[in-house]
Structure formats: C-alpha cells, structure tokens
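S.K.: Single-letter residue listing:
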Amino acid sequence: MMTIIEECTGDCRPRVGVYALTSCYGCQLKLATVQKIIDISNMVSFESFYMLSSASKMAADVDVAFVEGSVSTERDLEELMEIRKHSRILVALGACSVNGGVQSWAEGEMDHDALHKCVYGDSKLTMQGLQATPISKHVDVDYYLPGCPPEEDEIMYFISAFLIGTFPEPKDYPVCAECRLAGNPCILIERGEPCLGPVIVAGCKARCIGFDVPCVGCRGPVPHETAWFDSLAQTFLRKGMTEKQIRQRMKIFGSHDPNIERMLHSILGGETE
Amino acid sequence: MTRKKIIRPINVDHVARIEGKAGIDVTIEDGKVTVAEMNIFEGPRYFEAITRGKSLEDATAVFPRVCSFCAAAHKITGLQAAENAIGLEVSDQTRKIRELLYIGDYIESHSLHLFLLALPDFLGYPDAFSMAEEYPKVLEAGMRLKDIGADIQTVIGSRYIHQENALLGGFGKLPSKKQFASLGRRLKYLRNTAEEALETLVSYRPWPESEMSRLHLALEPYDGTYSVMGNTVHASDDTQFNAAAYRMRIDEFVVPHSFAKHCLYN
Ligand code: SF4
Ligand code: SF4
Ligand code: SF4
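First to last, the protein sequences are chains L and V. Each residue of the first sequence is one higher than the one before, counting from 36 in this note's numbering. Each residue of the second sequence is one higher than the one before, counting from 24 in this note's numbering.
Simulated crosslink set (DSSO-like; lysine-lysine; CA at most 27 angstroms straight-line):
1) L/K71 with L/K92
2) L/K152 with V/K284
3) L/K240 with L/K274
4) L/K71 with V/K160
5) L/K159 with V/K284
6) L/K152 with L/K172
7) L/K152 with L/K279
8) L/K240 with L/K71
9) L/K92 with L/K172
10) L/K172 with L/K206
11) L/K274 with V/K196
12) V/K196 with L/K240
13) V/K119 with V/K196
14) V/K200 with L/K240
15) V/K55 with V/K28
16) L/K71 with L/K206
17) L/K240 with L/K206
18) L/K71 with V/K211
19) L/K240 with V/K201
20) V/K211 with V/K196
21) V/K119 with V/K211
22) L/K92 with L/K120
23) V/K55 with V/K27
24) V/K160 with V/K211
Simulated from the structure, these hints should not be mistaken for laboratory data.
Based on the provided sequences and hints, a complete structural model is requested.
M.R.: Now the structure itself:
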C-alpha cells in the first residue's frame with residue numbers, strides 16, 4: 036500500500052517537516068531555494084525546518100517529513116525514531132539519507148573506531164558517533180528522493196504529488212538513458228572515462244556528461260537491484276582501470292547497495308587493500 | 024550567614040537558522056558567566072579518514088560535500104591541495120575562472136546567511152516566510168543576489184551545490200563568451216540593488232557591540248584585488264604567515280562536548 040495524503044479541500048494545508056541528521060545541508064538548501072518556494076510555503080505548513088525557522092521542533096506532528104542525512108550519531112538515531120513516530124509519510128531526502136552518503140565511502144574498509152581514531156586520536160567525546168548508515172536501515176521509509184543534492188524538478192514533483200493526494204513514482208532507469216537522449220557522445224566507450232552512468236539512477240539529465248565530466252554517481256545506484264556493477268566493472272577493466280580504482284569509485288555513493296560487494300567480487304575477486 | 028549562590032543555566036538545545044546542528048550551554052553564577060559552550064552535535068563525516076588512499080579525482084569530487092553553502096570553496100581548496108601535492112601548475116585562465124566560481128559561492132552563501140537566516144532575527148520573525156509579506160523588498164533583493172551567485176556557479180561549475188565541472192588541472196567544459204558576458208551584465212545591473220539591500224540590512228542593526236577580545240584571520244588576495252584567493256594569512260594582531268605553514272600556527276584540539284574541533288592561534 037502506498038502512503039498518500041488525501042486531497043484536502045478548503046483551508047487544510049499539509050503539515051511538512053524538513054529535518055537533518057548528519058549531512059551537508061545541501062538537500063534542504065536545494066529545497067529552500069527552488070524558484071517556487073514562497074508558493075510552496077503558502078500551500079503547506081512547515082511545522083519544523085530548523086535550517087530556516089526558529090519555530091521548529093524535534094519532532095513535530097506532520098503529514099510529510101523530509102529527512103536529510105545519514106544516521107551517524109546516537110542522537111541521529113533517537114531523532115530519526117522520533118521523526119518516524121510523528122510523521123505519516125517519511126521521505127528520505129538525498130544521497131546521505133537514501134544511500135548513506137559520501138560519509139559511507141570507507142564502508143568495509145575502516146570501522147567506526149578506526150575513523151574516530153584517525154580524526155580525533157585518543158580523545159574521548161561526550162557524544163557517540165556511529166558508522167554512517169542510510170535511514171532505511173533503521174525505520175520504514177515511504178519514498179526515496181535521490182541526489183546529492185536532489186534536482187529541483189524532482190523536489191517539485193514530490194511536493195506536488197503529495198499536494199494533489201497521490202504519490203511520487205521513483206525512476207528506475209540509469210543516467211545513460213538520459214545521456215543518449217541528450218545526444219552526448221559516450222565518453223566511457225569513446226575515451227575510457229570512468230563514467231558511472233550505467234549503474235546510477237537517472238533524473239539529472241546526465242548533467243555532468245554535458246560538461247564532458249564523467250558521472251561520479253551522486254544520484255546513487257538504480258533501484259530494484261538493477262544496478263549491474265559487475266558488467267560495468269568488466270567494461271572498466273577493459274578500459275584499463277585498476278581493480279582498486281573501480282571498487283573505490285563505485286563505492287563513493289554505492290557502498291550500501293545490497294549487491295555491490297557480491298557483483299564486484301565476481302569480477303574483481305576479494306576486497307583489495 | 025552565607026548567601027546562597029544563584030546559579031542560572033541557559034540552554035539552547037538546537038540553534039535554528041544555521042548550517043549545521045548546534046546547541047549552546049551557558050551557566051551564570053552570581054551574575055558572572057562561568058560556562059559558555061557551543062555544542063556542535065552535527066555528526067562527524069570523517070572526511071580526513073575516508074579519503075585516505077583514494078584517487079585524487081575521486082577525493083576531490085567528495086570534498087565539496089563537506090558543506091553545501093560553501094561547496095565551491097571546499098572543491099577549489101581540495102583541488103589546489105591536490106595540485107600542490109603532485110606539482111601540477113594550472114593556467115592563469117583556470118585560476119581566474121575558479122576564482123569567479125568561488126566569488127559566485129561567496130555571493131550566494133553570504134546573501135543566504137544575511138537575508139534568509141539572519142534577517143528574520145533582526146526584524147523579530149521566526150523565518151523569512153513569515154517576513155515576506157511585511158518586508159518583500161529587502162527579501163527579494165537578497166534573493167536576487169543569491170540567484171546571481173548561484174547562477175555564476177551553475178554556469179561555471181554545473182550547479183550551485185556540489186559543482187562537478189571543476190577538475191584537477193581545469194574544467195571539463197568552459198562557459199562560452201556569451202555566457203560570461205551575460206553574467207557580467209547582470210552583475211552590473213544588480214550593483215545598486217546590492218548596495219541598497221546592504222544599507223537596509225545595516226540600518227536595522229539591533230545587535231549590541233561586542234567588547235570581547237577576538238582574533239580574525241584573512242587571506243591576502245594574491246593579486247591585490249578584492250579576491251578570495253591567496254597564500255598569505257594575516258591575523259588581526261598584525262602577525263602573518265604562509266598558508267602552507269598553517270599547522271605551525273594553528274593548533275587544532277578536541278573538546279569533549281563538540282564534534283567540531285577547536286583551534287588556538289600561535
Ligand atoms: S545528499 Fe549530498 S547534498 Fe544532500 S546532505 Fe548529503 S552531501 Fe549534502
Ligand atoms: S557517457 Fe556515461 S552516462 Fe553517457 S552513455 Fe556513456 S556511460 Fe552512459
Ligand atoms: S551525471 Fe552523475 S554525478 Fe552528475 S549529476 Fe548526474 S548522477 Fe550526479
């Protein structure tokens with residue numbers, strides 16, 4: 036069953052919360068700076084939005100909560116639980132929340148103690164950090180809005196879908212599809228650039244390739260377990276990339292994908308270090 | 024008879040309208056502040072650790088994710104550090120276009136902070152939305168400044184949060200002359216708006232003068248203009264040092280109540 040808000044008539048305005056766990060605030064900033072933000076603020080009631088408003092609370096009773104950031108501290112986890120309890124619909128907003136974010140890059144390579152030691156040495160803190168995880172590891176997530184940061188049109192699509200009482204449908208095809216439509220030359224095949232387009236979910240209109248820059252994967256792996264890391268790894272090998280380069284690049288935004296280790300293992304063998 | 028000590032704690036557990044998550048704890052004993060702590064509970068993302076052993080291309084793509092408001096600063100600083108490490112000299116053109124990207128970030132970030140985050144405090148509103156009806160003009164001016172800053176970054180860097188079109192040694196694709204010219208025209212056109220908005224902002228001025236002793240650091244622009252790039256750091260106590268030697272001058276240390284480290288100068 037999809038969770039939707041019933042269309043409201045008259046004065047009712049959906050109550051919305053925008054929250055951050057551990058992040059760079061970029062997804063919220065993107066949301067706060069869409070061209071129609073003033074119109075949106077007239078149509079919904081922001082019950083909590085710490086980045087923009089001192090009339091915020093953790094957590095407010097809302098119809099829709101947008102949650103940015105990974106769970107990276109014990110406090111994040113407590114806040115996430117509170118948010119879930121007080122929200123009818125919970126949307127994971129952006130790569131940190133959906134995929135664990137770039138802070139998960141060393142997943143499988145360094146555990147939390149090693150990370151802590153590298154940055155804080157032997158100093159003890161009164162707060163407890165955790166290995167970064169996507170929010171879906173801890174709570175039920177209703178919808179995923181990918182991107183680092185998400186695209187304006189997708190943010191508008193999600194908000195509009197909720198406003199008219201329906202639900203947003205996720206994209207399930209890769210950046211390559213949009214790249215072909217845009218008429219770009221394929222810089223992976225033609226020049227051997229380390230482009231992650233084949234395994235990354237579309238929605239950015241292949242922005243980077245338009246700038247002649249290979250996709251770094253910021254929108255995260257294609258959902259429904261259809262990101263074929265193995266076949267892309269094979270192509271990368273043929274183009275002369277090393278096993279280490281392939282593994283590391285795919286893990287910038289993909290380290291929590293359930294299939295990545297298995298697929299990379301089948302092509303590259305064991306974890307290289 | 025001993026007088027009872029009057030202890031007053033003030034706790035703000037979540038400071039709003041900032042980029043990041045922080046609280047403030049203050050304790051006042053007999054009219055004197057005895058504890059004043061800024062508690063940064065924004066979780067750590069361990070950038071120093073996770074980028075170890077990674078390729079320069081991938082690491083420099085990750086660095087801007089430190090902060091969305093100043094992503095270009097983190098991108099360019101990371102690129103410069105990587106280029107210094109491998110002895111890669113960039114062309115004057117690259118340096119200038121990077122500088123422009125950085126200035127775009129500067130304009131955007133400062134406009135957002137001043138008009139969207141700070142201004143509601145000056146005027147007694149919880150946020151910019153509730154202020155919009157009463158003060159549309161100054162808010163609109165602030166947002167137009169934010170927009171030009173964002174557009175400079177989009178044209179040069181591919182987008183205004185986490186620019187991917189800034190690479191080791193240069194750019195993937197450069198903007199056309201026409202795009203630069205159009206940005207230039209808009210900037211000229213916005214000059215009056217900017218000055219007026221700033222005057223309005225300063226005229227509200229509800230904050231008290233601080234008499235606390237403090238230290239400011241700033242980069243000396245490399246070319247004597249009002250730039251944000253350079254190699255010499257000046258301190259307000261009249262000392263200066265080379266940016267590459269910062270570890271000799273700035274001592275980072277961990278405080279138990281904050282994920283952000285503190286620093287001591289000299
Ligand atoms: S997903 Fe990207 S833009 Fe969003 S908070 Fe995380 S690092 Fe920032
Ligand atoms: S350039 Fe990248 S995104 Fe475009 S078609 Fe080739 S692999 Fe796919
Ligand atoms: S091309 Fe790749 S890195 Fe660039 S915006 Fe799209 S998903 Fe992100």
